[in-house]
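**Student:** Residue strings, one per chain:
Number of protein chains: 2
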Amino acid sequence: MTENQYLPPADSRDRVRTFMTSIQDEICAGLEQLDGVAKFQEDSWQREEGGGGRSRVIKDGGYFEQGGVNFSEVWGKQLPPSILKQRPEAAGHEFYATGTSMVLHPKNPYCPTVHLNYRYFEAGPVWWFGGGIDLTPYYPFLEDTIHFHQTLKETCDRHHNEYYPVFKLWCDEYFFLKHRQETRGVGGIFFDYQDGQNRLYRGSEEGSPAAEYDASLPATKPRTWEQLFEFVQACGKAFLPSYVPIGEKRKDTPYGDRERQFQLYRRGRYVEFNLVYDRGTIFGLQTNGRTESILMSLPPLVRWEYSYHPEENTRESELYNVFLKPQNWLEAPPQVGVYS
Amino acid sequence: MTENQYLPPADSRDRVRTFMTSIQDEICAGLEQLDGVAKFQEDSWQREEGGGGRSRVIKDGGYFEQGGVNFSEVWGKQLPPSILKQRPEAAGHEFYATGTSMVLHPKNPYCPTVHLNYRYFEAGPVWWFGGGIDLTPYYPFLEDTIHFHQTLKETCDRHHNEYYPVFKLWCDEYFFLKHRQETRGVGGIFFDYQDGQNRLYRGSEEGSPAAEYDASLPATKPRTWEQLFEFVQACGKAFLPSYVPIGEKRKDTPYGDRERQFQLYRRGRYVEFNLVYDRGTIFGLQTNGRTESILMSLPPLVRWEYSYHPEENTRESELYNVFLKPQNWLEAPPQVGVYS
Chain H
703 MTENQYLPPA DSRDRVRTFM TSIQDEICAG LEQLDGVAKF QEDSWQREEG
753 GGGRSRVIKD GGYFEQGGVN FSEVWGKQLP PSILKQRPEA AGHEFYATGT
803 SMVLHPKNPY CPTVHLNYRY FEAGPVWWFG GGIDLTPYYP FLEDTIHFHQ
853 TLKETCDRHH NEYYPVFKLW CDEYFFLKHR QETRGVGGIF FDYQDGQNRL
903 YRGSEEGSPA AEYDASLPAT KPRTWEQLFE FVQACGKAFL PSYVPIGEKR
953 KDTPYGDRER QFQLYRRGRY VEFNLVYDRG TIFGLQTNGR TESILMSLPP
1003 LVRWEYSYHP EENTRESELY NVFLKPQNWL EAPPQVGVYS
Chain D
703 MTENQYLPPA DSRDRVRTFM TSIQDEICAG LEQLDGVAKF QEDSWQREEG
753 GGGRSRVIKD GGYFEQGGVN FSEVWGKQLP PSILKQRPEA AGHEFYATGT
803 SMVLHPKNPY CPTVHLNYRY FEAGPVWWFG GGIDLTPYYP FLEDTIHFHQ
853 TLKETCDRHH NEYYPVFKLW CDEYFFLKHR QETRGVGGIF FDYQDGQNRL
903 YRGSEEGSPA AEYDASLPAT KPRTWEQLFE FVQACGKAFL PSYVPIGEKR
953 KDTPYGDRER QFQLYRRGRY VEFNLVYDRG TIFGLQTNGR TESILMSLPP
1003 LVRWEYSYHP EENTRESELY NVFLKPQNWL EAPPQVGVYS
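Chains H and D, in that order, are what the protein sequence lines are. Just so you know, this note's numbering puts 1006 at position 304 of the first sequence, and the rest follows in order with no gaps. Just so you know, this note's numbering puts 874 at position 172 of the second sequence, and the rest follows in order with no gaps.
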């Protein structure tokens, strides 16, 4: 019997788990080097209904104020409703899910917050990869934004010409705060429900730029499980080169109370996004996940202020007017720097 | 033709709106007196799809660090899905909703945060009152908790013998953080979908203490629109006597960095509740409400800390072990004060 290359191999779970834990190790080592002071502290945990994980937290460091890098592997009787709505074929089947996810909040307001999550699901007849990475600066630099996107694009391009264009638009769509009409930051890439057998865009926004762009493409050649796994591994490995040079360049930028207060205020948007919209957070809370690990993404200190608006012609207003709108950073970068 | 006393009177909207704005005025005046320093600043706003409101914010006061008291009145084509699920008869009908809501965050960690919301809906064949009030102390005092509940009970008892027992249990059920297995605070009263024609408990938790207690009662005599409106007015008027004496008693209690840090940490739970569970917040965000007014409930400064646990035998652990569990404050108050 020939193995169907469009199905997961027999050892799929072992192989993905091994990758997810090793990328956690690799990223933590790289981030400790960037930090220079603090080390990650690890908690291992078990989940009653099945599975467990290891959560690593860094805090009060030279670079990081607080951040977490999680690995988890969970299984159970059935996926929660929020996912079954998207993949009804999984209803009534046991599921397996593994992934790594991280959010890191630097101290210096000139250093951006960064998030990464890659995940893998199996449930009865279906399986898929998902995840992404996105950058949330407070005082953004166009050259940093371009470096970040360029690194992601090069990684994507080695696997599929249309990954970056589609997943970049999907990221702008997903990391969007509808109630603020703002992107969470300057984006990155995001994808979900990648099983190789369908179109690249599998989101639910009809008529969105990502949906329309994807619909304009010729049907994608089916991709095998191995090809998708290779792509996700490459994405994980692209994390350090996409982020660390930005941190190195900005970590000693002097700042004062104005920048700090603005950073604390903007961190509120991160909380709003994660608690109101984030799929991973909702999945975790709905599946009786480990709350402390799920909410490790929340910033250490946050400020809310009623009806704040940045003063015109400042770096703060430039963040809103230029960087928190979807932009084509690589092909048609916006004009910036007028006020900085 | 005889008027059906179980339907709203012809001038229902005018009368409820007038009450909602006057209770906003009355409460703001009382809170300014408690604060002694700051005054509420008002913003009036219009909602594009219909309606508007007036938002009042107090900040950097003698008593309040930040707080908001909102009035709003909105109408539109159809209620959002989250409400239609509960009241399917409203589908396809225009709706009208008005209410007042407030959250107030004191500076002193010995003073509790307090929330109040009363609201009124009409949508085609259905109408209802809902709302409640609940108290969230950081360093709680049993006598304050009893005073708060006693005031609410006396108010309720003047309208229906079973209002306080049912609505107190419902409050414990509603203001509960499942992912933390904690109540938000020491409770109060909460009710929803009160149209006079059905049982007092109209929640969705089968088998909860509130559901079971309500099911054990004989069927309630139908209550008229006027009776319910009188009850809601009395609830609004009970706010100042339930809260202000607590604030007066505690506002000059000395505190240090330990209490301040704990207060900032516990405020995180308020954010988690409001963004993950709160019906009013979700309704507001789903109906394109005014984001700044909806999120006025969020605290001015908040802290998250991975895996924090209070030290045993402290006032902080007493909060968790005693006050953040449902208690029968009036009939069987828990043992407290051992550690304080």
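It is worth saying that the hints were derived from the structure and are not from the lab. Please read all numbers here as calculations on a predicted model, not as lab measurements. Please note that a few of the clues may not be correct.
Which copy is meant is left open, so a pair is good if it fits within one copy or across any two.
Calculated cross-link-like contacts (lysine-lysine; reagent style DSS-like; alpha-carbon spacing at most 30 Å) [unchecked claim]:
id: 1; residue 1: 1027; residue 2: 953
id: 2; residue 1: 880; residue 2: 787
id: 3; residue 1: 779; residue 2: 880
id: 4; residue 1: 953; residue 2: 779
id: 5; residue 1: 855; residue 2: 880
id: 6; residue 1: 787; residue 2: 923
id: 7; residue 1: 761; residue 2: 939
id: 8; residue 1: 951; residue 2: 880
id: 9; residue 1: 923; residue 2: 880
id: 10; residue 1: 809; residue 2: 761
**Student:** Next step is simple, just say for each hint if it's right about the structure.
**Tutor:** Consistency of the hints with the structure:
1. 1027 to 953: within (25 Å within a copy, 44 Å between copies)
2. 880 to 787: both (21 Å within a copy, 22 Å between copies)
3. 779 to 880: For residue 779 and residue 880, only the inter-copy Cα distance (20 Å) is at most 30 Å; the intra-copy one is 33 Å.
4. 953 to 779: neither (46 Å within a copy, 51 Å between copies)
5. 855 to 880: within (26 Å within a copy, 40 Å between copies)
6. 787 to 923: within (26 Å within a copy, 41 Å between copies)
7. 761 to 939: Close inside one copy (23 Å), not across copies (47 Å); limit 30 Å.
8. 951 to 880: neither (32 Å within a copy, 42 Å between copies)
9. 923 to 880: neither (34 Å within a copy, 44 Å between copies)
10. 809 to 761: Answer is both: 10 Å inside a copy and 27 Å across each meet the 30 Å cutoff.
The structure fails to meet hints 4, 8 and 9 from the earlier list, while all remaining hints are met.
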